[in-house]
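Enquirer: On the provided structure of chain X, position chain G as indicated by the hints.
There are 2 protein chains.
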Amino acid sequence: MKKFDAKDTAVLESILLHRRDVRGNHFLPQRLPQEVVDQILFAAVNAPSVGFSQPWEFVLIDDTEIKKAVKATFEIENENAKQQFDEKQDLYTQLKLEGIMEAPLNVAVFYNEKKQPVLGQTSMYQMGEYSVICAIQNMWLMARSLNVGLGWVSIIDPEKITSILNVPSNRKLIGYLCLGYVDVFHDRPELELLKWEKRKKMSEVIFTNGYTKR
Amino acid sequence: MKKFDAKDTAVLESILLHRRDVRGNHFLPQRLPQEVVDQILFAAVNAPSVGFSQPWEFVLIDDTEIKKAVKATFEIENENAKQQFDEKQDLYTQLKLEGIMEAPLNVAVFYNEKKQPVLGQTSMYQMGEYSVICAIQNMWLMARSLNVGLGWVSIIDPEKITSILNVPSNRKLIGYLCLGYVDVFHDRPELELLKWEKRKKMSEVIFTNGYTKR
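So the protein sequences, as listed, match chains X and G.
To convert a position in the first sequence, counted from 1, into the numbering used here, add 53.
To convert a position in the second sequence, counted from 1, into the numbering used here, add 53.
Don't read these hints as lab results, they were simulated from the structure.
Among these hints, one or two may not hold up.
Same chains, same names: a pair is fine if it fits in one copy or spans any two.
[Claimed, not checked] Derived lysine-lysine pairs resembling DSBU-like cross-links, with alpha carbons at most 35 Å apart:
id, residue 1, residue 2
1, Lys55, Lys135
2, Lys141, Lys121
3, Lys213, Lys168
4, Lys141, Lys253
5, Lys213, Lys251
6, Lys141, Lys248
7, Lys254, Lys167
8, Lys135, Lys253
9, Lys213, Lys225
10, Lys141, Lys55
Only a predicted model underlies this, so the values are computations on that prediction, with no experimental measurement involved.
Excised from the complex, chain X in its bound form:
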């Protein structure tokens, strides 16, 4: 049975802490080697999945016309989003929130819903989608260990992506990712550095034996 030691834990912790969400202002144009892409996808398919259903699908995108179409849905959604951040609107407008064109590789990640019942998914149906998220988080960490940046673009219209990529009707878009080498990984999340949000204290989010006692 494999036993890990304190040095292994330290490596994992360092990767977790240095993982960043990377936007277009930091991607370099060089293509990712195929073996690097394969390692990232191998991490994905070894994520946990409810009932070992492995309900994930990955569409690799390097076609400029497709990227342009995706970028167009970002522009519309982002214009709508901006209106919602009253006093923070100026800061919002200055933020670079995607790297669709700049990143050499985009990956659209889908949930492939099974027709038959899935073990473990009978009471909490979202477990299928949650498995896909675990795969994305594995990709994110593996990418970081390979010094590859990953940015998750969520300001898009999933229905438009579905049409752009000829997605079969029982698939659901879970995440749209941009990947590539970077000029820099920030030491802290960009939104923390820019004081968009403060880091919460651990004591704020941890409770014991229910919400009445801390």
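Expert: Chain G in isolation, oriented as in the chain X frame:
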């Protein structure tokens, strides 16, 4: 800027590949040291979150009466679930699908919905919940690197958990986790070993530039 090397990648890959979903038949009763619990929670709060919203909350549970109440909801849900697996029902009945009582620590993980709009969550609302899943996957990997088993119990009624733990009304249960040291980590997922599901080939789930071309 932190650069990782091939040895770091190998450590991460090994942790990813040796991570298992652990059930009650493998947990040891000894309490987890506080510093081990702290390391796992530290990994959680360093997960990515949409708009740096950190929308997660963790309820640590070691109280036997609370565990018993949670176990009771599992029993009801599992009885209902069993009926759905026609020809696989015998195998389903033999499976141990949780470790609520056996694991020394249970952790209920909640999504704390923000009242104000969240950057990045304006078009895909589920991004808040997805951030919580990233935190759980970080916990799972950190636990494995510390040779701690983690099992995710999803055959429960979230509404009953909410009432058992006095959860405020705007929280949503995302995951219910069991943690503890184990007698063994299987080399492969238990449901693969038992031939409940087959492992998919990577070529089955990877597409290029849309679903029509592979």
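Enquirer: Hint by hint, say whether it matches the structure.
Expert: Status of each hint after checking the structure:
For the homomeric pair lysine 55 and lysine 135, the shortest alpha-carbon distance between copies (33 Å) is at most 35 Å, but the shortest distance inside one copy (49 Å) is not. Proximity of lysine 141 to lysine 121 under the C-alpha cut-off of 35 Å is restricted to the intra-copy arrangement: shortest distance 28 Å within a copy versus 47 Å between copies. In this assembly of identical chains, lysine 213 and lysine 168 lie within 35 Å of each other by CA distance both inside one copy and across copies; the values are 24 Å within and 27 Å between. In this assembly of identical chains, lysine 141 and lysine 253 lie within 35 Å of each other by CA distance solely inside one copy; the values are 20 Å within and 46 Å between copies.
In this assembly of identical chains, the alpha carbons of lysine 213 and lysine 251 lie at most 35 Å apart whether taken from the same copy (33 Å) or from different copies (33 Å). Taking identical chains as interchangeable, the C-alpha atoms of lysine 141 and lysine 248 lie at most 35 Å apart only when both belong to the same chain, with a minimum of 11 Å there against 53 Å between chains. With identical chains, the CA atoms of lysine 254 and lysine 167 are at most 35 Å apart between copies only, with a shortest distance of 17 Å across copies and 40 Å within one. In this homomeric assembly, lysine 135 and lysine 253 come within 35 Å of each other (Cα to Cα) only inside a single copy, at 24 Å, whereas the closest approach across copies is 41 Å.
For a Cα distance limit of 35 Å, the shortest separation of lysine 213 from lysine 225 qualifies both inside one copy, at 12 Å, and across copies, at 29 Å. For the homomeric pair lysine 141 and lysine 55, the shortest alpha-carbon distance between copies (32 Å) is at most 35 Å, but the shortest distance inside one copy (49 Å) is not.
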